[in-house]
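Colleague: Residues per chain, in single letters:
Number of protein chains: 2
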Amino acid sequence: MRICFVGDSMVNGTGDPAYLGWVGRVLHDERKRRAELTGYNLGIRRAQSDQIRARWQAEVGCRLPAEFEGRVVFSFGANDAVQQIAPAETLDHTEAILSEARARWPVLMIGVVPLPDEEVRTRIRTLDKAFASLCDRLDVPYLSVFDGLMATPTWLDEARAGDGAHPGAGGYGRMAELVLGSDIWRRWMAR
Amino acid sequence: MRICFVGDSMVNGTGDPAYLGWVGRVLHDERKRRAELTGYNLGIRRAQSDQIRARWQAEVGCRLPAEFEGRVVFSFGANDAVQQIAPAETLDHTEAILSEARARWPVLMIGVVPLPDEEVRTRIRTLDKAFASLCDRLDVPYLSVFDGLMATPTWLDEARAGDGAHPGAGGYGRMAELVLGSDIWRRWMAR
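Chains as they are written, first to last, in the working numbering: chain P, 7 to 197; chain Y, 7 to 197.
Chain P with its partners taken away, still in its complex shape (with noise of 0.2 Å):
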């Protein structure tokens, strides 16, 4: 199985020193139930959903190839809202991005994430629960991380000893945890 992670720093791992990310430890962790894994990372630094609209096809199409099981996820929106795009604007690529990608692969949506920002985490949970109405109405799974990340400190508490938006090691491996721990991934791996 071949999975493209489509997104911004978060999905790149930037700020952690193992430069794994949660990425890299979901991947490191699912080896062990299936070792024939391969994970293309497609996170870039300050992504906008406009942005990921725009590169996402081109990018994955030459990684997935069709004789291979291919898997697409996403994870963007914190992006969005630092630059106060509008949620409907925001929605309307993610709402295109996302039916096109389902129309050829499994897709799995993955939720925003917290910035320690105050009015930028308060848009951030408004995109959280926008885009899990629009995955349900899309029937693309959705795996929220915004509440999982805030039930510690570790998250924020990274993010600002670090450059103010992206946590490290630990922050990364707490939300590792939560993907892999969550019935949405191990349901949507097993499919």
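Don't read these hints as lab results, they were simulated from the structure.
Note: identical chains are not told apart, hence a pair may lie in one copy or across any two.
Simulated crosslink set (DMTMM-like; lysine to aspartate or glutamate; CA at most 20 Å straight-line):
hint, residue 1, residue 2
1, Lys135, Glu101
2, Lys135, Glu124
3, Lys38, Asp169
4, Lys38, Glu164
5, Lys135, Glu95
6, Lys38, Glu75
7, Lys135, Asp123
Following the hints, position chain Y against chain P.
Modeller: Leaving out everything else, chain Y in the frame of chain P:
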């Protein structure tokens, strides 16, 4: 600094249970010297030089915005040797890639890696020498790793024990050591 690593499955780190590959290990070590270092892994399984020529500009362009220091590392060639692409054709694609890349970013090419199959490996050795000449002519630093990876049995032994092509953590660790320990890498990073 943001570095794009463009190439094939060996760049992706396919087969490494740690999901770091040599790229992740090099980034992890470099972080000791510069905390602000982002890596983008653009290695794709089975990628040949013509496919890399077709995609690298779009993928690197959106990852290296002009306002941040960006660099590009290329490493490929084994799949051209497997598919018996005429060396002149591989070199033509490689010259086009390197010429265009070096006009915009500092560029380093890291040599093609050995495979267990002896006939393929002979073609890889030829390509390695041809890449060295080409890079010399184009004034692009070239770091050959072929002899270094053949000097100990780890790389080929792990490849044989794995899927027949890709090493495991030991081989990728050895390749990272070769890169990090080379004057070519050190000088390029200090530029």
